[in-house]
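Protein chains: 6
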Amino acid sequence: MGNGQMNDIGRLAALVVLTDEETARGIAPHLSEYEVVTGRVGSMELKKVIASVETAAKRGSLIDGDVYRETHALYHAIIEAAEGVTRGKLSVGEIMRTVGLSFSVVRGRPYEDEREGEWLAVCFYGTIGAPIKGKEHETLGLGINHI
Amino acid sequence: MGNGQMNDIGRLAALVVLTDEETARGIAPHLSEYEVVTGRVGSMELKKVIASVETAAKRGSLIDGDVYRETHALYHAIIEAAEGVTRGKLSVGEIMRTVGLSFSVVRGRPYEDEREGEWLAVCFYGTIGAPIKGKEHETLGLGINHI
Amino acid sequence: MGNGQMNDIGRLAALVVLTDEETARGIAPHLSEYEVVTGRVGSMELKKVIASVETAAKRGSLIDGDVYRETHALYHAIIEAAEGVTRGKLSVGEIMRTVGLSFSVVRGRPYEDEREGEWLAVCFYGTIGAPIKGKEHETLGLGINHI
Amino acid sequence: MGNGQMNDIGRLAALVVLTDEETARGIAPHLSEYEVVTGRVGSMELKKVIASVETAAKRGSLIDGDVYRETHALYHAIIEAAEGVTRGKLSVGEIMRTVGLSFSVVRGRPYEDEREGEWLAVCFYGTIGAPIKGKEHETLGLGINHI
Amino acid sequence: MGNGQMNDIGRLAALVVLTDEETARGIAPHLSEYEVVTGRVGSMELKKVIASVETAAKRGSLIDGDVYRETHALYHAIIEAAEGVTRGKLSVGEIMRTVGLSFSVVRGRPYEDEREGEWLAVCFYGTIGAPIKGKEHETLGLGINHI
Amino acid sequence: MGNGQMNDIGRLAALVVLTDEETARGIAPHLSEYEVVTGRVGSMELKKVIASVETAAKRGSLIDGDVYRETHALYHAIIEAAEGVTRGKLSVGEIMRTVGLSFSVVRGRPYEDEREGEWLAVCFYGTIGAPIKGKEHETLGLGINHI
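In order, the protein sequence lines correspond to chains A, B, C, D, E and F. Per the UniProt record's numbering, the first sequence starts with residue 1, numbered consecutively. Per the UniProt record's numbering, the second sequence starts with residue 1, numbered consecutively. Per the UniProt record's numbering, the third sequence starts with residue 1, numbered consecutively. Per the UniProt record's numbering, the fourth sequence starts with residue 1, numbered consecutively. Per the UniProt record's numbering, the fifth sequence starts with residue 1, numbered consecutively. Per the UniProt record's numbering, the sixth sequence starts with residue 1, numbered consecutively.
Mixed in with the good hints, there may be bad ones.
In silico contact screen, one side only, chain C against chain D (beta carbon under 10 Å); selected entries [stated by the list, open to error]:
| hint | residue |
| --- | --- |
| 1 | E80 |
| 2 | R87 |
| 3 | L90 |
| 4 | W119 |
| 5 | H137 |
| 6 | G143 |
| 7 | N145 |
To be clear, the hints were calculated from the coordinates, so they are not data collected in a lab. The C-beta atom is built at its ideal place from N, Cα and C for all residues, glycine as well.
Model the full assembly from the supplied sequences, consistent with the hints where possible.
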């Protein structure tokens, strides 16, 4: 993996938020079958960040909002990506921080074996810091789950 | 930030591990003044992962190993990146997981204001999973600190 | 322990929330000397869950609310049970989850040795999930403390 | 839920470890279609606990060990159950504790809607404490995941 | 260190909150070159605690509020001290607790080697407990960072 | 509290490790009825730190090692103090750190009301850092529990 040709659903999710979908697909043309949804959210409340990703994924038909199984898979992928963003303390405003994030959600079949089925990748990239412009630095997080 | 021209020391660190240094510098030519060190490590022990990054950064003269201040700044950036990799439980082998990671360390001045001085970014990308080939998925983590 | 005849104050607490007090006492007739208080609470705020258990325990005279020692013992038993419910992130609404829980508090002497004195068990059982009916799964948590 | 007739895959998993499979199925006869695997493990190493559950689930054909998707689902359910056992610190021997646990793994379809598919519940019940007989108290943990 | 003559910026920070600045400087006269700012804060919200320390440090000219580097160094020192205060769960009101704290911030050069530059120590001492007078016990936390 | 005359069992525990027992008792003469045990431990393994405090407390007859209730109360006070030392990640060697610590354990009746009974305070003070002399900074932690 890493630079390999397979299984890099997470790499595509990360490249999309670090550059843009066109550049990302140019770097990784073999990933053309993955579906991608993107969005942006800024907040001091983690629940708003979570809700933004869930809403984007449902509106973009990336997950079926009627099926709890899909919501459950996405929720845990979002939380795992948020752990990377918050680095050890799953809190934002409660500890006087704010985030401004781009996000991507990617759905597809990263494994050759058919039985592995579909997986989701969620990636955040943006800033975290004091609630004052410029008093912030970059942050990144990736979550992966089977669906 | 995000896709901005400034302050994206973390973006360079991430692009380096997700593609390679040449591709990363091609996407972000304005970042040519940043110094970059890269490496790879696979282990069930987090301390070996930490030690590999520290050794690479010292050998590559990215930090001055004689000054605790620089070691301290790098250590906390590594730990923050490792939080993204391990997503909420800063453990690998203790909970029956193994990691195979590429890493980058980037040093430079991401802020226009001279007083902000130098900062470090550490990024990991690779796989985490059961200690069996193929029973794994991707993982990513970024840490940023002032030096 | 486990299926033993002694020291299973936690087992009684769990059986009470998983079935009901009568069934639980039928399964474990040797535990008849333990005092039991039960209740229900649904919330997106962990502090309301904590307060519900504290209020029920005081109203049911299971603990003496005037003595900090007893409040302190109960508080830590509740928090430990809540760790099981929230599994690694002691948050509910902040990360866009809601809980609907039955709880029990049991007080008694689980050890043969008189010097071991009284202990408390707190158990929660119910659902955790998205704040939408049906988008949830079961959750369980047990906390034990000396009083 | 709670005492409801549906969706109580976790309740069955808990009743099995708190009593035994026969008693548990007697309390919850409507759950007869769920598959159940049980076992016991005592250790100061969490990885041995995880490995014991994985081995029992594979040997009992509860999951297909060749498919990473199933291993991944089980792994996260085990970790969530272990969070309940360790209550806030996912460590055993590292912080001078030992565990003696019975466990159950249950697989089935807890939702009426066919699209929700199969889910897993993992439950631990036993003791945690100092590595000296009798210097311990009860502990319980439940994890649930879609498969 | 420990009782040594050097590097005890944290010891001074702790003695100031446990006694008062005059007593602390009497115990540690060799630390006369360190700058000290003190304050008090009581709250159920951690963000108010963080903001109080930041405001006191800026008003007392201990850090330069215009430079993010200094804000970033102070923020992480505060968070580390708050980990000691909250002991494993970086939350106060969310889990039904309140704090009443004295704090100190100390800035100086704790290492002989000039290259080590300036460091910060933040110390909290006071009470944590139920939001009822007397239903509380002491708490203490120290954070250290390079600036 | 804070600088008050009562309830400062934790303050005494902290002053003992930050200065020495004689100095501490001189600052707080009203605390003469508390029993104090002290010791030192250096390790990369948290379990050795825990064991050192437990052994010192038993040898010094501060707790009765035959009674689990007392071991349980001390264990949780040690873990809470260790949370302050490790600040958010209850690990030492696993994340490439080492500690060199002085510790104190204090037992007594910090509340006027007789019913509050006896409490324990555990305090650590020393260094944490890379396993290289001088590449370290100070650390402090306090835990309090009823016994």
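Now the hints, each set against the structure:
no., hint, result
1, E80, "4 Å, holds"
2, R87, "4 Å, holds"
3, L90, "7 Å, holds"
4, W119, "7 Å, holds"
5, H137, "5 Å, holds"
6, G143, "7 Å, holds"
7, N145, "9 Å, holds"
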